[in-house]
Structure formats: C-alpha cells, structure tokens
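One line per chain: the protein sequences are Z and E, in this order.
Numbered according to my numbering, the first sequence spans residues 49 to 363.
Numbered according to my numbering, the second sequence spans residues 4 to 107.
Some clues are possibly wrong.
Which bits of chain E does chain Z cover? Going by a derived footprint, with three or more residues having C-beta under 8 Å, they are [what the hints assert, rightly or not]:
hint, region
1, 10 to 21
2, 27 to 37
3, 51 to 60
Calculated from the model, a selection of chain E residues having no Cβ within reach of chain Z, i.e. all distances over 12 Å [stated by the list, open to error]:
hint, residue
4, V40
5, E41
6, E44
7, E45
8, G46
9, A86
Among chain Z residues calculated to face chain E with C-beta under 7 Å, some are [as the list claims (entries may be wrong)]:
hint, residue
10, D53
11, Y80
12, E179
13, V222
14, Q223
15, S233
16, R235
17, L236
18, K343
These are calculated hints, taken from the structure and not from any lab test.
We put the beta carbon where it would ideally sit given N, CA and C, even for glycine.
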Amino acid sequence: MEFKDYYKVMGVPRDATEAQIKQAYRKLARKYHPDVSKEKDAEARFKEVGEAYEVLKSPEKRAAYDQLGSGPRPGEQFRPPPDWGAGFEFSGPGPGAGSGFADHSDFFEALFGAAGAARRGRRGIDPGRGEDTHAKVMLDLDAALKGGSRTFTLRIPEIDATGHIISKERTLYVQIPKGILPGQSIRLAGQGGRPPGEGTPGDLYIEVEFEPHPLYRLDGRDLYLELPVAPWEAALGATVKTPTPTGTVDLKIPAGAHAGSKLRLKARGIPCSTPGDFYVVLQIALPAADDERAKAAYRAMATAMPFNPRASLGV
Amino acid sequence: MPLPDAEPLSGEIVEETIVLSVTDLSRMMSVEERHIVELVEEGVLSVLQIDASEWRFSGAALRRARIALSLERDLGVNLPGVALALDLLEELERLRRERETARR
C-alpha cells in the first residue's frame, strides 16, 4: 500500500496550525473542485486533498497519523504498525469530502477504516424510498449523434451490514438517448440507493461530459470541422471529400473561397427536434516548395498575379 | 461486465423531458425543501413561472442545484457566493468556447 504524506498533499509543514491547514485546504479545494477546475486530474486531486484534510483537521486523527512519522522511503510499501490506533478514539463524522461520494484511498481505509468515512446525513425526506444518487461519466460524441449502448464503471458508496460505508464498483450498461448534450443528465429510475429494509430504490442520475473528438468541435448542437483545402481548390472551386459524423460526403467548395470561410451542412449536427448544423471551416494548406518544379510553379504564380496580401495593413 | 445480449438500462434526458417541483429537487439532492427554496430566493435557481401556484423548474435546474450544493458543502461558500460563482462559471464557459472558436 502506498503511504500518503498528507502534509505534502496540503503543502503545509508538519507543525502547521489548524488555521494554516484550513487555509491550505480551502485554497486547494477551490483550485481542484471538479465543478470549478479545468486542471488535469482535478477530481483525483480534489479527493486526495479532501482526505488529507479529513485527517489533519481532526486532532485525534492527526495525532495518530503523526505517530507514523513521515512514512517509508519512496517506493517502499507501507504497512500499518501492529499497535496502530491504540489509545486513540476516532469520533464524529468527517467532512462530506468528494461530491457526496465517500471515496477514500486504501491507505486511509487501512488506518481509519470506514468508521472514519463520512456520509451526508439523509434528512428524512421519505424513509421508505432510497436516496437519489449522482454520477458523472465521459461519453464519446458518437453516442450523442447516433445513440447506442455504453458501459460505465462507477464507484458507488454502500452501507455494509455493520453500518460502515464501503465503496463498491458497479458496472452499468446504459442506452444513451440520441441527442444528449454535455452537462445533461440521464435519469435511470430505480437505480439509485436502496432504503434499509423494504422500500423503493431511489433514482440514479448520470451527468455526461464529452471526450474531445479528434475531428469535430461542439458548440451547442452545432458541430465544427476544420477542412484543409489546396489554394487552387479555394480559388477555383472544387468538390472535395469531407468526413461527417454520418460518413464521407462530397462537398462543393465555391470558387473564391478563403481561409475561414464557413460552409453549412444543415441538420447534420446533434440530432433533436431542431437539430444542430454541421459547419465546415476552410483552411488553406500550402504545398511545400521542396523541389525545383514546385519552386518554379510558385515563381510563375508570383509573376502572373501581382498580389499584396498586406494591402489592408497600409504597407 | 454485462452480457453482450443483456438489455441496456434506458432512461430519459432530464433537461429535455422533465419538469421538476421543489419536492422533486429536494429528493434528488437529498436536502430539505427549505434549502431548495433558499436557492430560488438567492437567484441560484429560477422557476419556470413565478406566479404559478406551485413552483416548477426545468430539468436544467438539476445540474445548477447539484453544483450549488457541492460548492456550499465542499468549499464552505455561502449562498450569495454560490450564486456569484455559478454566474461567473457560466461566463467563463462562454469565454472559453469563444476563445476556442477564435483560435481555429
């Protein structure tokens, strides 16, 4: 098991005061909060910081943790000492770190067990019905365009027979509704938390984010593709092969097109009752002048066309 | 892993098909109804028809409420701060999209 240096995670010295620790936590939590942050690995960092704070803010847990020293040398495996935890009492719930999901490292669970894990209080909405739960998943653009089924693995906190919280992996096979957009949620009725004893399970809401697509960029329901064309295709007009989500099409480039010209293919964006459009943005690609014939062709162009591309700059 | 021939779970897109009441939102978020009312009073959530006998929300309120409550809980932000953060996040999102468009 990997030793976690909670002081290092928080960026505070080992003798930091409670106030310093709280300050460091707030700062890091704002930086890595998954709903706010665009940092890479924000969610993982946020959980790590939440876990570190859960330990360091509690005088009992911090004192117990401090007894471990600064851990094994890098790369060495960590095992809790046999007398671990003797003489300490861990009480009270911790913070609801993580967005409603208790999800601790193995290191944390080995030291503090699930007893240290916190759970948001369920404030008696309907005791006969399980809690509604939330998860976020990454989706490919294709699923939104064409629909289809996808498999997701979620970590779901569950209460075991002894009342402890354990984090379980759960695999879901889900039909993706065609036309879903990033930030929207799918409701899966009856897939949420189970109430103790008899009762109706709650619903599970999965909020989708999209993986960036190698070719297409999404804006609302519209899709954008950058299409490179040769200078003569743009100048003279041409019919060129263009990838679209529904397959390759022949696209007519009008004569006199320029870099940045936008061509619209109606209703080939994300489907809906008013579907999005598919925009092709032209880019002029220049052939390299890497042999004598190519150089001669460029020279011939220069002679044939007196052209000042900087005329609008007044030079 | 699911069996290849297993029937996939199917659900609906909350934002498009569902109209929510205060009770729905409070259940979905596991908070008291009073808390949802506070989110409305602070302008974090907007109701579809303010003069209706009972408040109704569009499905888009789900994401806003989820983010608002997680900012409150995880960052200790108070409600006016949450409202401000959400507005700024939306603005940021719009600017990022514009920059992305301009860059291409």
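Checked hints:
{"no.": "1", "hint": "10 to 21", "in the structure": "holds (count 10)"}
{"no.": "2", "hint": "27 to 37", "in the structure": "holds (count 7)"}
{"no.": "3", "hint": "51 to 60", "in the structure": "violated (count 0)"}
{"no.": "4", "hint": "V40", "in the structure": "15 Å, holds"}
{"no.": "5", "hint": "E41", "in the structure": "14 Å, holds"}
{"no.": "6", "hint": "E44", "in the structure": "19 Å, holds"}
{"no.": "7", "hint": "E45", "in the structure": "17 Å, holds"}
{"no.": "8", "hint": "G46", "in the structure": "18 Å, holds"}
{"no.": "9", "hint": "A86", "in the structure": "14 Å, holds"}
{"no.": "10", "hint": "D53", "in the structure": "22 Å, violated"}
{"no.": "11", "hint": "Y80", "in the structure": "10 Å, violated"}
{"no.": "12", "hint": "E179", "in the structure": "5 Å, holds"}
{"no.": "13", "hint": "V222", "in the structure": "5 Å, holds"}
{"no.": "14", "hint": "Q223", "in the structure": "4 Å, holds"}
{"no.": "15", "hint": "S233", "in the structure": "4 Å, holds"}
{"no.": "16", "hint": "R235", "in the structure": "5 Å, holds"}
{"no.": "17", "hint": "L236", "in the structure": "4 Å, holds"}
{"no.": "18", "hint": "K343", "in the structure": "30 Å, violated"}
When each numbered hint is compared with the structure, violations occur for hints 3, 10, 11, 18.
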